[in-house]
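> Residue numbers (the working numbering), protein chains in the order written: chain Z, 26 to 419; chain L, 938 to 1153.
Any given hint could be a false lead.
Covered by chain Z, per the in silico footprint, the following chain L stretches (three or more residues, Cβ under 8 Å) [as the list claims (entries may be wrong)]: (1) 1043-1057; (2) 1066-1078; (3) 1138-1151.
Read the hints as simulated data drawn from the structure, not as lab findings. Cβ coordinates follow ideal geometry from the N, Cα and C atoms, glycine included.
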Amino acid sequence: MEHMIRLDELTKRFPGQLAVDSVSMDIPEGEIVVFVGPSGCGKTTTLKMINRLIEPTSGRIFLEDEDVTRINADRLRRRIGYVIQQIGLFPHMTIASNIATVPRTLGWDKQRIAERVDELLELVGMDPEAYRDRYPKELSGGQNQRVGVARALAADPAVMLMDEPFGAVDPITRERLQNEFLRLQDEVNKTICFVTHDVDEAIKMGDRIAIFGDDHGIQQFDTPEMILSHPANEFVEDFLGSGAALKRLHLRRVREVALTAWPAAGVAEDRDTLREKLEDSEQSFLLLLDEQRQPVRWVSRRDLERGEGRMADRGLPVAAIIEPHATLHDALDEMITSNVGCAVVVDREGAYQGVVDIDPVMTAVNTLRAELRERLAVGSWHAVPTETVEEGTS
Amino acid sequence: MQALGEFLARRWPQLLELAVEHLLLVLTAIVLATFIGVMIGVLVYRSAALSSLATAMTATILTIPSLALFGLMVVWVGLGDRSAVIALTAYALLPIVRNTVTGLQGVDPAVNESAKGMGLSARARLLRIDLPLAWPVILTGVRVATMLIVSIAAIAAYIGAGGLGNWIFDGLARRGSVVAMPLIISGTLGVVAVAFILDGFYIVVGRVTTPRGIRD
Ligand SMILES: Nc1ncnc2c1ncn2[C@@H]1O[C@H](COP(=O)(O)OP(=O)(O)OP(=O)(O)O)[C@@H](O)[C@H]1O
Ligand SMILES: [Mg+2]
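Next comes chain L alone, as it looks inside the complex (with noise of 0.2 Å):
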């Protein structure tokens, strides 16, 4: 406990250089994921039989184990950020594209009905209405794909991608040393604080977002 004491005092301005690493991958796959998990989301509300093959194609990706992903990436894209985004922009898309669907779906009829009777063009009411009301779901799926990702994020170090992964791959690596308990301990406590400070600013962004006339 005393040498994680002193370690992280040593250390410390390294691990947030770390950290920052880490938040900017997964924010990067998560802007990423969140464009492209909405449009698919978007295309297939409307027939149930797309919708549930969209929500099986994004889930049988989550199955494939990261190590194994980013080993593929490695092979197509080569070592670095780039693969590890790729990756981890696929494997945030399970939850974001189901809460598209779902929020979609779950406007009022009622709602659709007089907008369409209105004369909203199905653009104008996709962006006005149906989005902004399926809103606080899709921003649940959000924040849940980066609860996610935060975590895998940490074994995209072993592509080169840096992060608070660096710090675990390290301390395994330097087995029986005295820094490698130090090393794992710090980098793993990094992850779960990222995610923290994640999960606070969806929190903040949540209440911004969410028009007055939709809050509980």
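So that you can see chain Z by itself, here it is in the shape it has in the complex (with noise of 0.2 Å):
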């Protein structure tokens, strides 16, 4: 199999309105490749004629190498995971019927359909024990999300189609179900069309971004590193705006890079052991963890010294926490709002791993840069399988 999705000028036309304009893709497996482009450029419509909820007027649509254009539209479906950014959740069943709805269909016994509703549950962050007899409107927005991930996922299909699937959260639930999205394609490895129309989400999410022009074409098909440094014509240059080298910022993650290493201790050890952690670090705050080492306070030597009271309520609260799999973007976001200047990194279960200040940023943003310009110099940006419309027509 030499691409997982292939399409071959796909255009859809409905009456009056042309909303596609013969698209070709290849998609390589375990992929995620980004649709972005202005509201109406046709990237939901070239979504939905992958699963065939629309029909397409022209072209073909190859999974696994099998042309599908014709095919049994249901069949197709149960093998392609689909999430929207309404959800859609089924509102009389409970969590654990909405995810096994696919297995069901498929006639899955009872045993594996249980099991694998609790796999997933836990898979997407979520206890199976206090959310499998739930019903959707008991649940949060980002909670309903995390299941309508779980639900796409059941049957274990190849491919998995996303129509803003954080579109419709606020901005720090996104910012986390991306990052947990992230960690669980590293486990799952699917392959994804994911559609947004934001430019730093596309940056950050995929492996590689497709940017759709106002003409409903593709104006560039490529890794966002190539976006980013070669845009293909003026309409991508426009449409990525200002600060593209900030934006090459959501090209590292933070798990990439050297943490700092911060003098930290335990909330509950006594104060001279706290004062001569301090005292032999080069910095002025101290890092202070619970019994399962979350990050709870930041203390100076005055916090320490002065006052009465417990450790636990003095300095000042830790607000700036990041996973690994936040990009240096994010790290860079917290740093600014964070009282210390560095964000703290924890893993997933909350635990201390270390700090991110602002020079690995810097580093980043410089190698970048110099790997960029050497991939230039010898021109292996060739090998980069790139698809480009010529000048745009805006």
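Assembly of the complex is requested from the two constituent chains, each provided in isolation within its own frame, with the hints serving as guidance.
Set out below in structure tokens:
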């Protein structure tokens, strides 16, 4: 199998409205391809043609080298996970029944379905015991979105289609869901088509990005690096907007950089030990951790010396906390809002891992630039499959 | 009043019998009307034009005076239960068809899209998603239809279908006699009682058949 999905000159014409104009695309197995572009450019229509919720006017769709343009649509859809912005959980069914929908349709036995449901709930970070018998209205928006993803993954489809899946949640939840999803993708390794109209989200999520234009065709289809460094035309350049250098920070994840060692100590340790730890370091703040090693407070020397009260009430709260999956862009964002000028990295369980400060961010900016220059110098970007349209029409 | 008390004390068992007859007549018609009405609703709800057509037609049935419709049924089908059930079923259709259409059209489009996107067949979507979600609204229609035909069913006695209408018509026929008033009043009260019982029954049915996730 050469490509998981192949679109061959797909066109959709609604009565009096061209929606998608001859889109061709090869999507390699295990990659996240993001469709991005202005409103009305045909992203959703293209996505829905892949699972034939919209039948193409012309062109062909291949899934695992099989021409699926004319096969039974219901059976095709059971092989493809589908997640939409409004989620569309079935309100009259429990979370477990929602997730079990496709396996039940495929005739799995009860035991296997129950096991799969629990496995998926854990995969999306929800306690099966607590959630499997609840109803969608008893969950928060973010939790419902996780269930939507679990439901789409239920029968282990090779392909997932996601239409602005994180578009309806607040920015903080969105960032968390994005990071969780990327971590999950590391485990499940699906081929994913992901629609968004947020450039930052596209750069962060995409192994490859397809930029759609106002002409309902693809302006550029390439890796985020190449799109940022070599926009195919003026349209793409305008669409990316300013701050391409800053956006490049989305290309590096926190776990890829060396964390700064920072003095940290248990909140229960005695004051002299704490003071010693702080003095042995070059920093002016000490990070206090609770019994689960979760960060709780920043304390300065003065906070240690003075003040009555419990250690856990002194100093400043720890605001900027990120997971290793976050991008350096997220980290920078957090850093700016932090009291101490750095972001605390924690693992899945929330336990302290280390700290990112501005240095690795600066280093990343420089190396990214250097890498690109080097690649351009030897012309190796030609090796990266690119598919670009001639000068934009806009 | 005293006459009524004595009358009831004496003929209580007969009243009960008629009430049961009445109840069965109504329930038979309602079960039929629910099947037919939901089926019509399912067939038309996707098209606005067909939906208004179905509502208009079932509404037209309601404008036929009940005596006239029962009369027509006697001509076509003959005297007895069968005619009464057919006529009552026809009367019960409007609320059921209308609420089925409203209920099905009210299903969240996102729910429909995700169900379709997951590869549920049209049949599975209807039976497992759309109808269960529309069910509370449909049930309300069934309840309204029931209240409507409980009183119309009294007139069915006129064509020999039995029920509490028997006493009302008896009372009318014996105008002037001592039993006329007690007959009419207890027949009428019986109809009201049957309506109350059915209403309570629907509240229970509603509780039991509405999944927790869509109860308010
Ligand atoms: N069912 C339809 N009938 C007619 N025109 C449609 C239909 N669906 C979409 N269109 C049109 O096709 C074009 C592409 O729509 P599409 O939904 O694919 O855009 P999109 O890129 O997903 O936009 P957005 O970012 O706003 O979601 C638009 O001009 C839209 O108005
Ligand atoms: Mg869209």
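> So, for every hint listed, does it hold in this structure?
Evaluated hints:
no.: 1; hint: 1043-1057; in the structure: holds (count 12)
no.: 2; hint: 1066-1078; in the structure: holds (count 3)
no.: 3; hint: 1138-1151; in the structure: holds (count 4)
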